[in-house]
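Student: Work the whole structure out from these sequences, hints included.
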Amino acid sequence: MSEEMKQCPKCNSPYGYAMGEETYACPECGNEWNPSETEEEAGLKVVDANGNILQDGDSVVVIKDLPVKGAPKPVKAGTKVKNIRLTDGDHNIDCKIDGFGSMGLKSEFVRKA
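The sequence shown begins at 287 in our numbering and counts up one residue at a time.
Errors might be hidden in some of the hints.
Quick list of in silico lysine-lysine cross-link-like pairs, BS3-like style, CA-CA up to 27 Å [what the hints assert, rightly or not]:
| id | residue 1 | residue 2 |
| --- | --- | --- |
| 1 | LYS366 | LYS296 |
| 2 | LYS331 | LYS382 |
| 3 | LYS382 | LYS368 |
| 4 | LYS331 | LYS398 |
| 5 | LYS382 | LYS398 |
| 6 | LYS296 | LYS362 |
| 7 | LYS366 | LYS398 |
| 8 | LYS382 | LYS350 |
Ranges of calculated distance between the beta carbons of each label pair, as one might list FRET restraints [unchecked claim]:
| id | residue 1 | residue 2 | range |
| --- | --- | --- | --- |
| 9 | MET291 | ASP342 | 31 to 37 Å |
| 10 | GLY387 | CYS315 | 39 to 45 Å |
| 11 | GLY375 | GLY306 | 31 to 37 Å |
| 12 | ASN317 | ASP376 | 35 to 41 Å |
| 13 | LYS366 | GLY306 | 45 to 51 Å |
| 14 | ASP384 | SER299 | 44 to 50 Å |
| 15 | ASN298 | HIS377 | 49 to 55 Å |
| 16 | GLU307 | GLY375 | 33 to 39 Å |
| 17 | SER322 | VAL347 | 51 to 57 Å |
| 18 | GLY337 | GLY375 | 16 to 22 Å |
| 19 | LEU330 | ARG397 | 42 to 48 Å |
| 20 | ALA357 | TYR303 | 50 to 56 Å |
| 21 | LEU330 | LYS382 | 16 to 22 Å |
| 22 | ASN369 | GLN293 | 31 to 37 Å |
Quick caveat, the hints were computed from the structure, so don't treat them as lab data.
The model shown is predicted, which means the values in this text are computed figures rather than measured ones.
Ideal Cβ placement from N, Cα and C applies to all residues, glycine included.
Tutor: As structure tokens, then:
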């Protein structure tokens with residue numbers, strides 16, 4: 287067994303310890319992981335309402351009316367949004383919508399076009 291500690295991918299604790307040949311565990315959050323699998327999954331993963339993985343430059347369709355602060359009307363369901371950019375945070379899609387301008391959307395309210 288290795289005495290090397292690895293950072294937990296879930297809580298970022300630096301105290302992940304080896305439990306076996308390929309398994310590590312975190313004493314702070316209880317997460318167990320295989321380091322070779324988590325390295326492949328690194329990066330920003332954003333999924334739409336149907337579970338499809340979104341990427342920068344994709345086109346999406348809004349699936350429900352979304353009220354916009356300061357705008358007299360909502361973004362209507364069925365509005366197509368082209369060339370999205372993925373970001374980290376609560377509103378994980380940056381885009382431009384005709385008639386509204388630049389805004390952030392939550393991926394749970396869109397589906398891949």
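Student: Is the gap between the beta carbons of SER322 and VAL347 within 51 to 57 Å?
Tutor: violated, 37 Å
Student: Starting from LYS366, check that the Cα of LYS296 is at most 27 Å away, please.
Tutor: violated, 34 Å
Student: Between the beta carbons of ASP384 and SER299, is the distance compatible with 44 to 50 Å?
Tutor: holds, 45 Å
Student: 31 to 37 Å was suggested as the range; check whether the CB atoms of GLY375 and GLY306 agree with it.
Tutor: Once the Cβ atoms are compared, 36 Å apart, the range 31 to 37 Å for GLY306 and GLY375 holds.
Student: Given the hint of 35 to 41 Å, is the C-beta distance from ASN317 to ASP376 inside that range or not?
Tutor: violated, 23 Å
Student: Does the hinted range 16 to 22 Å hold for LEU330 and LYS382 at CB?
Tutor: holds, 20 Å
Student: LYS382 and LYS350 were given as a pair; does the straight-line alpha-carbon distance stay at or below 27 Å?
Tutor: Judged against 27 Å, a Cα distance of about 17 Å means the pair holds.
Student: Tell me if the straight-line CA distance from LYS382 to LYS368 falls inside 27 Å.
Tutor: The given pair, whose Cα atoms are some 8 Å apart, holds under the 27 Å limit.
Student: Does the Cβ-Cβ separation between MET291 and ASP342 fall within 31 to 37 Å?
Tutor: For ASP342 against MET291, whose Cβ atoms are near 34 Å apart, the range 31 to 37 Å holds.
Student: Has the hinted range 31 to 37 Å been met by the Cβ atoms of ASN369 and GLN293?
Tutor: Hint holds: Cβ distance 34 Å, inside 31 to 37 Å.
Student: Given the hint that LYS331 pairs with LYS398, test it: the Cα-Cα distance must not exceed 27 Å.
Tutor: holds, 14 Å
Student: Take a look at whether the Cβ-Cβ distance between ASN298 and HIS377 falls inside 49 to 55 Å.
Tutor: violated, 22 Å
Hint violations for this structure: numbers 1, 6, 12, 15, 17, 19, all remaining hints satisfied.
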